[in-house]
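Colleague: Please arrange chain D on chain Y, whose structure you already have, making use of the hints.
Now for the letters of each chain:
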Amino acid sequence: GQSLEQPSEVTAVEGAIVQINCTYQTSGFYGLSWYQQHDGGAPTFLSYNGLDGLEETGRFSSFLSRSDSYGYLLLQELQMKDSASYFCAVGGGYQKVTFGTGTKLQVIP
Amino acid sequence: GAVVSQHPSRVICKSGTSVKIECRSLDFQATTMFWYRQFPKQSLMLMATSNEGSKATYEQGVEKDKFLINHASLTLSTLTVTSAHPEDSSFYICSARPQLGQHNEKLFFGSGTQLSVL
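Sequence lines, in order, name chains Y and D. Counting from 748, one number per residue, gives the positions in the first sequence under the numbering used here. Counting from 162, one number per residue, gives the positions in the second sequence under the numbering used here.
Since the hints were derived computationally from the structure, they do not count as laboratory data. Some hints could be false.
[What the hints assert, rightly or not] Taking lysine-lysine pairs in the DSS-like style, the calculated list, with each CA pair at most 27 Å apart, reads:
| # | chain 1 | residue 1 | chain 2 | residue 2 |
| --- | --- | --- | --- | --- |
| 1 | D | K267 | D | K181 |
| 2 | D | K175 | Y | K843 |
| 3 | Y | K851 | D | K216 |
| 4 | D | K181 | D | K216 |
| 5 | Y | K828 | D | K202 |
[To be verified] Which residues of chain Y face chain D? A few of them, derived with a C-beta cut under 10 Å, are:
| # | residue |
| --- | --- |
| 6 | G748 |
| 7 | G788 |
| 8 | T791 |
| 9 | F807 |
| 10 | F810 |
| 11 | S830 |
| 12 | S832 |
| 13 | G839 |
[What the hints assert, rightly or not] Restraint-style ranges between C-beta atoms, simulated for each label pair:
| # | chain 1 | residue 1 | chain 2 | residue 2 | range |
| --- | --- | --- | --- | --- | --- |
| 14 | D | Q260 | Y | G775 | 17 to 27 Å |
| 15 | Y | G788 | D | G177 | 28 to 38 Å |
| 16 | Y | Q772 | D | N212 | 20 to 30 Å |
Built from N, CA and C at the ideal position, the CB exists for glycine as well.
For reference, chain Y alone in the conformation it holds in the complex (with noise of 0.2 Å):
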């Protein structure tokens, strides 16, 4: 099976950074993926790592290691808009898409 685990919930300051840790184990490893849900919304993409290392996305940014099992996404210059649900999930391709935990996120003035 395929499990992912994030912190329920993290509370930081609008304009400050935060970083968001996910830890999966699955088989059959295609990807890590990053989504934003806003309560009562649908999800929307953020990043993507195929590839071990830091992808950029403007104020996103996601890591991946492989051999750890292991990501982060890292929200900078917070805003209080970035106040919602993160949720990381492994697949793609031909691969079905599993979700992780998720993690509330609440932006404080």
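Modeller: Below, chain D without anything else, positioned relative to chain Y:
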């Protein structure tokens, strides 16, 4: 960007009735669509994988006779919750994956359907 349309956004039904949810990829062809279920403050749980022209693959513990999935074309998949009961009340959300080679690592999600069974 790729758009996935899901309807209805909200449905309230009586116990014992059936509800059909539609998921359409509007500007791309989706050979694979996924159906997820999400309870409040929880993660997305994969219910089934739907491939165009073939039977859906259901996750362990998901009743295929209760949750009927049809993927009749490259742009449309439907989920029918048959004989719905209050415990089926949940947020159902579909996602579509573009054909291989076109940002295939991304999933594009519909806006979800909040089902309430009375």
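Colleague: Does each hint fit the structure? Answer for all of them.
Modeller: Hints and how they fare:
At roughly 26 Å between alpha-carbon atoms, K267(D) and K181(D) fall within 27 Å of each other, so this suggested pair holds. Between K175(D) and K843(Y), the direct Cα distance comes to roughly 33 Å. Violation of the 27 Å bound is thereby established for this hinted pair. For the proposed pair K851(Y) and K216(D), the alpha carbon gap of about 35 Å is over 27 Å, so the pair is violated. Straight-line distance between C-alpha atoms of K181(D) and K216(D) comes to about 17 Å, which keeps the hinted pair within the 27 Å bound.
For the given pair, K828(Y) sits about 18 Å from K202(D) by alpha-carbon distance, which is consistent with the 27 Å threshold. The beta carbon of G748(Y) is positioned within 10 Å of a beta carbon in chain D (closest approach about 9 Å), and the interface hint is therefore held. At about 7 Å, the closest approach between the beta carbon of G788(Y) and any beta carbon in chain D falls short of 10 Å, and the interface hint on this residue holds. Hint status for T791(Y): holds, given a least beta-carbon distance of 7 Å to chain D, under 10 Å.
The closest approach between the C-beta of F807(Y) and any C-beta of chain D is roughly 14 Å, which is over the 10 Å cut-off, so the hint fails. Violation of the interface hint for F810(Y) is found here, the shortest Cβ-Cβ separation to chain D being roughly 16 Å, above the 10 Å cut-off. About 14 Å separates the beta-carbon of S830(Y) from the nearest beta-carbon of chain D, more than 10 Å, and the hint is not met. Checking S832(Y) against chain D: minimum C-beta separation of about 8 Å stays under 10 Å; hint holds.
Taking 10 Å as the C-beta cut-off, the interface hint given for G839(Y) holds, the closest approach to chain D being about 4 Å. With their beta carbons about 21 Å apart, Q260(D) and G775(Y) fall inside the hinted range of 17 to 27 Å. Checking the proposed 28 to 38 Å range against G788(Y) and G177(D) shows it holds: the Cβ atoms sit about 30 Å from each other. At about 26 Å, the beta-carbon gap between Q772(Y) and N212(D) stays in the expected band of 20 to 30 Å.
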